[in-house]
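Undergrad: Residue-level listing of the chains:
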Amino acid sequence: MAELTSLREAIAHLVRDGQAIAMEGFTHLIPHAAGHELIRQGKRDLTLIRMTPDVIYDQLIGMGCARKLVFSWGGNPGVGSLHRFRDAVENGWPRRLEIEEHSHAAMASAYTAGAAGLPFAVYRGGLGSDLPKVNPVIRRIECPFTGEELAAVPAKRPDVTVIHAQKADRRGNVMMWGIIGVQKEAVLSATHSIVTVEEVVDELDAPPNAVILPHWVVSAVCEVPGGAHPSYAQGYSQRDNAFYKAWDSISRHREVFSDWMRRHILETNDFADYRARLRESPDA
Amino acid sequence: MLERAYTAEEMMTVAAARALSHRAVCFVGIGLPSAAANLARLTHAPDLILIYESGAIGARPDVLPLSIGDGELAETASTVVSTPEVFSYYLQAGRIDVGFLGAAQIDRFGNINTTVIGDYRNPKVRLPGAGGASEIATSAHEVFVIVRHSKKTFVEKLDFITSVGSGKQAAGGARGVTRVITDLGILERDSDGKELILTRLHPGITPEQAREATGWSLKTVGQLKETPPPAADELATLRDLHQRTRQAHGA
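Protein chains in written order, with this note's numbering: chain S, 1 to 284; chain X, 1 to 251.
Hint data in this document are derived by calculation from the structure and do not stem from the laboratory. Glycine included, each C-beta is placed from N, C-alpha and C at the ideal position. A portion of the hints provided could be inaccurate.
Residues from chain S that keep clear of chain X, each with C-beta distances beyond 10 Å, as calculated [as the list claims (entries may be wrong)]:
{"no.": "1", "residue": "17"}
{"no.": "2", "residue": "95"}
{"no.": "3", "residue": "119"}
{"no.": "4", "residue": "144"}
{"no.": "5", "residue": "170"}
{"no.": "6", "residue": "209"}
{"no.": "7", "residue": "225"}
{"no.": "8", "residue": "261"}
{"no.": "9", "residue": "276"}
Here are the simulated distance ranges between beta carbons [as the list claims (entries may be wrong)]:
{"no.": "10", "chain 1": "S", "residue 1": "18", "chain 2": "X", "residue 2": "119", "range": "25 to 35 Å"}
{"no.": "11", "chain 1": "X", "residue 1": "119", "chain 2": "S", "residue 2": "266", "range": "33 to 43 Å"}
{"no.": "12", "chain 1": "S", "residue 1": "202", "chain 2": "X", "residue 2": "62", "range": "31 to 41 Å"}
{"no.": "13", "chain 1": "X", "residue 1": "209", "chain 2": "S", "residue 2": "272", "range": "53 to 63 Å"}
{"no.": "14", "chain 1": "X", "residue 1": "119", "chain 2": "S", "residue 2": "255", "range": "21 to 31 Å"}
Partner residues aside, some chain X positions facing chain S, computed with beta carbon under 7 Å [unchecked claim]:
{"no.": "15", "residue": "126"}
{"no.": "16", "residue": "128"}
{"no.": "17", "residue": "134"}
{"no.": "18", "residue": "135"}
{"no.": "19", "residue": "160"}
{"no.": "20", "residue": "164"}
Bound conformation, chain X alone (with noise of 0.2 Å):
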C-alpha cells in the first residue's frame, strides 16, 4: 500500500466535517463529532451553529473541549441555557438540523447502543449510557454518526438499544440516522429508507475491507464512489485544532 500523507482517523474527520452544510444547526457530541464539527465551522462552514448539550449555544471554541463542559465552550457561545432549555427548546422543539453522535455498537438499521456491552443486569462492560443521545437520534431533522470500522462496533445485534437511528420513532419527520462515517468509508441510508449501504470508500480501500469489518452482510451501492483526500488547507486546520487542544490540556 502507498504510504499516505495523513491518518485514516483525520480523513475520517475530514470526511465528517464535509458532510456539514454551510448554515446548519448542529447538535455536537464530544470527541470525534466535536473535532469534525469545529473542523468544517474552521473551513469551509464558518456560520455553522454548534449547540453542545451543556447548554452553550453557537460555541466558537478555539480549542476543542475535553468535556461537554469547559470554560471554553460557554466563553465563545452566542448564549448559554439551562440544561431543561437546551432539550426542551432546542432539541426537543425541533430546532436541531444535525445530531452529530459517537456509537459504541451501531446495526444496519443506525440504532446505537452506548449502555451495555453484555446483558444490562450483568454487563461484561458498563458505558455511560444514553446522555442527550437518545432524544437527538429522534429530535434532529437527521443524525450523521462518526465510528471507527470494525465488526465489534458494526454489529448484527445490538446488546441493547440505547437510541432510536431508524427514524421510525422520531418526531415531526425527522429522519434518524441517515450517514454513519467510518476510517473506511461512508455508509447511507437506502432508498427505501430501511438499511445502512455502503456508498463511498475512502482513497486505497477495498470494498472487502469495509465487508470484512462490518458484522452485517454489508449492502453497497451499484457504483462506490472514492472521497476525495483531505486538501492541503482541511489537514493544516485540523492539525493545528490538535495541536492548540493539546497545548491546552496539557496532555
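Chain S extracted, bound-state conformation (with noise of 0.2 Å):
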C-alpha cells in the first residue's frame, strides 16, 4: 500500500546495504533525485541493475555505493563514455565493480518475467554473440513446441525498485506517459517500489488506461518536482542536454568528480537544495 513520504524517509526505511536495486527509465523520468539520496545515506555494496546505466550510475559507482551493476549498455547518450563506470571497470577505482552485462532485450524480458512472477524469460537472441562467453546466466533452451533454439535469462527481481513519474494522487495511484520504458515491469517485479513524481494532486482526472500502477503495488510515492533532472519529465521539463555534456568533464578525472559530488550531493539536504546550487553554479 502506498504511503506519502519523503525521499528521505522512504529510502531510509528501504534500500538496504548490499540490496539489488533497480532505478529505470529509459533516458526519460531517471530518477536522480533518488540516486542522489542513496549517496547522501551512504548506501553501500549495492548491486545496481538498469538497463542504461547513464550519469544516475556513474554518480554511485564513483562514489563507491555499488559492488555489482546488471546492465545492458553503458554510456553518456549522445556524449560518449560514462568515466566513473570505466574507471571502475578498467582500474577498480574506486572499488572493484562485478558485471552482469546483458542485451536489451534480455534485460527487458527478464523484468516481465520478474513481474510476471516467472522463473526465468526467452528471448531471440544471444546466439553466437560472445555475451553468453562472459555471462553465465545467459542460456540456450529449445522450445518444446517447435524445437527452435531461444535464449532465456533468470527473471529480474530487485528488492527495491526506484522510478521517476509525472503524476500521484493522494492515495498513490501513479500516472506516466511519454517514453515509459520498462518502469511498470521493473515495478511490479520487485519486493519494494519506491516512486517520486512531480505532483501529488487530489485528482488524476485521467483516461483509464493512464494510471500505470494502481497505489497498492506501489511502497511509498514522493513528490520531488523536477526529480528526474538532468533527464526529463514530459509536460513539465525539457533533457537538459547541455548538463549531459557538461558531465563528460566533471566525471573524467577523479578529483574533479569527488569535489563536485561533495559540494553538489554530499553537502546539499535534499533535491530541492541541489537544484539551488546548480543555479548558484551552472558551469559546475
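Please assemble the complex out of the two chains, which come individually in their own frames, going by the hints.
TA: Written out as C-alpha cells, the structure is:
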C-alpha cells in the first residue's frame, strides 16, 4: 500500500546495504533525486540494475555505493563514455565492480518475467554473440513445441525498484506518459518500490489506461518536483542536454568528480537544495 | 586532389540515406544512423517509418535527437510503446525491414563489436555494450552499418562479438549485415552471402585507399561503381537539419 512520504524517509526505510536496487527510466524520467539520496545516506555494496546505467549510476559507482552492476548499455547518451563506470571496470576505482552484462531485449524480458512471477525469460537473441561466454546466466533453451533454439535468462527480482513519474494522487495511484521504458515491469518485479513524482494531486482526472500502477502495488510515493534532472519529465521539463555534455568533463577526472559530488550532493540537504546549488554555479 | 563542395562525412550520410527505400520500417540507432535515416525521410522517402529503441514508433523529429529518448521523438511519433513491447512485439516479432547501426569494430562477415577493446575481464577500453544492437542484428530483415573507414574499425579479428552480422544466427530468414556505408565507399555481402566486399567508391576515392583502411584483405567487385556525389537538395537538407540540431542542443 503506497505511503506518501519524503524521499529521505523512503530511502532510509526501504533500502538496505547489500540489496539489489533497480532504478529505471529510458533516458526520460530517470530518478536522479533518489540516486542522490542513496549517495547522501551512504548506502553501500548495492547491486545496481538498470538497462542504461547513464549519469545516475556513474555517480553511484564513482561514490563507491555499488558492488555489482547489471546492465545492457553503459554510456552517456549522445555524448560518449561514462568515465566513472569505465574507471571502475578498467582500474577498479574507487572499488572493484562486478558486472553482469546483457542486451536490452534480455533485460526487458527479464523484468517482464519478474513482474509475471515466472522464473525465467525467453528471447530471440544472444546466440552466436560472445555475451553468453562472459555471462553464464545467458543459456540456450529449446522450444518444447517447435524445437526452435532460443536464449533464456533468469527473471529479475530487485529488492527495491525506484522510478520517477509525472503524477500521483493522494492514495498513490501513479500516472506516467511519454517514453515509459520498462518502469511498470521493474516495479511489479520488485519486493518494494519507490516512486518519485512531479506532483501529487487530489484528482488524476485521467483516461482509464493512463494510470500505470495502482496504489497498492507501490510502497512509497514521494513528491520531488524536477526529480529527474538532468533527465526530464514530459509535460514538465526538457532534457538538460547541456548538463549531459558538461558531465563528460566533470566526471573525467577523479578529483574533479569527487569535488563536484561533495559540493552538489554530500553538502546539500535534498534535491531542492541541489537544484539551488546548481543555479548558483551553472557551470559546476 | 580537387576541392570538393562537400565533406567525406556528408557523402557518407547521403549515401546511407539513399540506401533506405521508400516505405521501409527502419530501426534506428542514435548518431550517424539517425542522421542518415532522417535525411532519407526528408528527401526521397517521406513515408519511411523510423523506430527508436526508446519506444518511439514513426518518429518524425524536426531536429536530430542527442539521446535515444529525447522528448522530440515521443512528441512526433505515431505512438510510444514500452521497452518490452518495442523489443518483443516489433523487433523480435520480425516487423523491422532495416536495422541501422554504427560499430566500434566490424569484421569481414559483418559481425560487430561495441563491447570492449582488449580483453573482456581486463579491457583496454570499455565501450557501452550491446544495447539493442545484438537483437537488431539478428531480427531485422537486413542490417545496414554506417561507420568511418579505418584499420582500427575494419579489423581482421574482433576483440568481442557483440552482434552477429553474418546472418547465420538470424531468425526467420533475416539476412544480417548486407551493406556497410563508409566515408570511402560501400561494402555489400557477396553473392555467396559470406563476405563483405567493396562494390562502390565515393568520388575521388581509389580502391587502394579503401584497401589500406581495411584490416583484412578486402575483395572488390570486378567493376567498381562510383557513388554519385551529393545532390544540391540532399546537401541543403542535411545542412539545415544539422543547423537546426545545433541550435536546439545549444552546442
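Undergrad: Does the claim that residue 170(S) lies outside the interface with chain X hold up, using a Cβ gap greater than 10 Å?
TA: The claim stands: residue 170(S) keeps its Cβ more than 10 Å from every Cβ of chain X (closest is about 26 Å).
Undergrad: Please check whether the beta-carbon of residue 225(S) is more than 10 Å away from every beta-carbon in chain X.
TA: Answer for residue 225(S): holds, closest chain X Cβ roughly 17 Å.
Undergrad: With 7 Å as the cut and Cβ atoms as the points, is residue 128(X) at the interface with chain S?
TA: holds, 4 Å
Undergrad: For residue 119(X) and residue 266(S), compare the CB-CB distance with the range 33 to 43 Å and indicate the outcome.
TA: Holds: the Cβ-Cβ distance is about 35 Å, inside 33 to 43 Å.
Undergrad: Do residue 119(X) and residue 255(S) keep their Cβ atoms within the hinted range of 21 to 31 Å?
TA: Check passed, 28 Å falls within 21 to 31 Å.
Undergrad: For residue 17(S), is the shortest beta carbon distance to chain X beyond 10 Å?
TA: holds, 26 Å
Undergrad: Taking the shortest Cβ-to-Cβ distance between residue 261(S) and chain X, state whether it exceeds 10 Å.
TA: holds, 21 Å
Undergrad: When you take the CB atoms of residue 209(X) and residue 272(S), is the distance between them in 53 to 63 Å?
TA: At 57 Å between Cβs, range holds.
Undergrad: Per the stated criterion, does the least C-beta distance between residue 209(S) and chain X lie above 10 Å, as a non-interface residue requires?
TA: The claim holds: residue 209(S) sits with its nearest Cβ about 12 Å from chain X, beyond 10 Å.
Undergrad: Is the Cβ of residue 276(S) more than 10 Å away from each Cβ in chain X?
TA: holds, 22 Å
Undergrad: Hint validation: residue 126(X) versus chain S, beta carbon distance must be below 7 Å. Holds or violated?
TA: Hint on residue 126(X): holds, closest Cβ of chain S at ~5 Å, below 7 Å.
Undergrad: Just double-check residue 95(S) for me: nearest Cβ-Cβ distance to chain X has to come out over 10 Å.
TA: Holds, since 16 Å exceeds 10 Å.
In terms of the numbered hints stated before, the structure departs from none.
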